[in-house]
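J.: As you go down the protein sequences, you meet chains A and B in turn.
The first sequence runs contiguously to residue 200 in our numbering.
The second sequence runs contiguously to residue 1205 in our numbering.
Hints were generated in silico from the structure; no laboratory data involved.
Where is the CB? At the ideal position from N, CA and C, for every residue including glycine.
Warning: the hint list may mix true and false statements.
[To be verified] Here are the simulated distance ranges between beta carbons:
1) B:Leu1077 x A:Ser91: 26 to 32 Å
2) A:Gly88 x B:Arg1141: 44 to 50 Å
3) A:Ser91 x B:Arg1032: 37 to 43 Å
4) A:Gln86 x B:Ala1029: 21 to 27 Å
5) A:Leu182 x B:Leu1077: 41 to 47 Å
6) A:Arg120 x B:Leu1085: 49 to 55 Å
7) B:Phe1112 x A:Arg120: 44 to 50 Å
8) B:Phe1112 x A:Ile54: 37 to 43 Å
9) B:Ala1029 x A:Leu61: 50 to 56 Å
10) B:Glu1049 x A:His20: 41 to 47 Å
11) B:Ile1142 x A:Leu117: 32 to 38 Å
12) B:Gly1119 x A:Ser165: 42 to 48 Å
13) B:Arg1203 x A:His20: 34 to 40 Å
14) B:Gly1119 x A:Trp161: 39 to 45 Å
[Claimed, not checked] Only some residues are given here: those of chain B computed to face chain A with a beta carbon under 8 Å:
15) Ser1007
16) Leu1012
17) Arg1014
18) Thr1017
19) Cys1018
20) Thr1026
21) Ile1063
22) Thr1137
23) Leu1152
24) Val1156
25) Leu1169
26) Gly1170
27) Leu1193
Residues per chain, in single letters:
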Amino acid sequence: MNAIVICRDCDAVYRAVPLHRGDVALCRRCGAVLARHLSVNVDSGLALVCAAAIFFTIANLTPILSIEIAGMQTRANVWFAVRSLQEGWISLAAFGLAFTTFLIPALQIALLFWVLLFARTGRRAPSFGPIMKLLHQMRPWSMSEVFLLGALVAIVKLAKWVPISAGPGIWAIAALTAVLALLGRCDPASWWSIGSEAGT
Amino acid sequence: MIPLAQSLDLGLSRCRTCGLSVTRATLGAGMRCPSCQSRMEQRTPYSTEVTLAWLIAGMVLYIPANLLPVMHTSGLLGESDSTILGGILEFWRAGDWDIALLIFVASVAVPFTKFIAIGLLLFTVRKNSQWEQRQRTVLYRIVEFIGYWSMLDVIVVALTSALMQFQILGAAEPRAGIAFFCGVVVVTMLSALSFDPRLIWDRRS
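Use the sequences and the hints to build the structure in full.
T.: Structural data, given as structure tokens:
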């Protein structure tokens, strides 16, 4: 544990105090979150990651939306959405979409699983440092909640014209959003103390 | 309010990656964080310049994103190209004011708020202003938070094009505007991420 805490947004210096369950330390000057009591420990973190992996798989294997007209059926999930943007150089947008709604959430889940699996035994996973850095950098770019909202907008938008129905995928992506949000509450910064010389 | 010391003045430094507080004097020549080995910088180098560059790029991309059509639809009712604003107006006229508002917020209000907010932050930091430092920091956090919701329209267009594949009965295809719009989202997010909010609190002479 660090004895000194520095605010990420305004650089103010504080002495660390022990936090109790549910406590959040805020910066007195700018209101930024300085530290959180860990409500998600390694075991529940690992459970959440496994849940996220299951929901992610369901969301990508089952249709999120589908339309049926005169015996013809079309279905859409993250991959179908990405593929529909592959047209000439509009594919740049397909890249953007694939990264933010597929690749980055998938990597987040896989890397968190890797780190937490080793953390259970109090060890640092191989290449812990680069993985934690990558997780830190990927965080702003993970957009599964935006995809969920987009799917809901698409339903309302198209429901007037065609018989559109939501598939199991939409529940999976809603659950994935909730689980990823819960995982976001556990502060990866604190995991740096896992297996380091100072102990936890 | 109790005056709080800046880490800068106390010879301390915070690692932006892992949050560790370090005494600057103990850092080696490489300025690496002892915990995560990231490069430690007192302030993000060239923060305002990089932020401004991405901001201008975002504003430039925003023009074709709005002028060019984002989607082409064809069907029994004929063919049409729709732009982002056109799509919002269509919903509004059809009485779907709630969807119109949602897309308006995500595609127009959020990018505009970002342009104005980041512009304001850059201007006041350059002026070395002490005006409403706390509020400006909150503004930065808002910009950071709302950034990615603009991706909404890209997702709606992609899903619509994926679903509407019924040839003569109805088909939708993406158009160039959506790629520009995706560019706006990415570039303005990069702009917000390049801004170092600690500059708001620094007193430079």
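J.: Tell me, in ascending order, the numbers of any earlier hints that this structure violates.
T.: Hints 2, 4, 20, 21 contradicted; others consistent.
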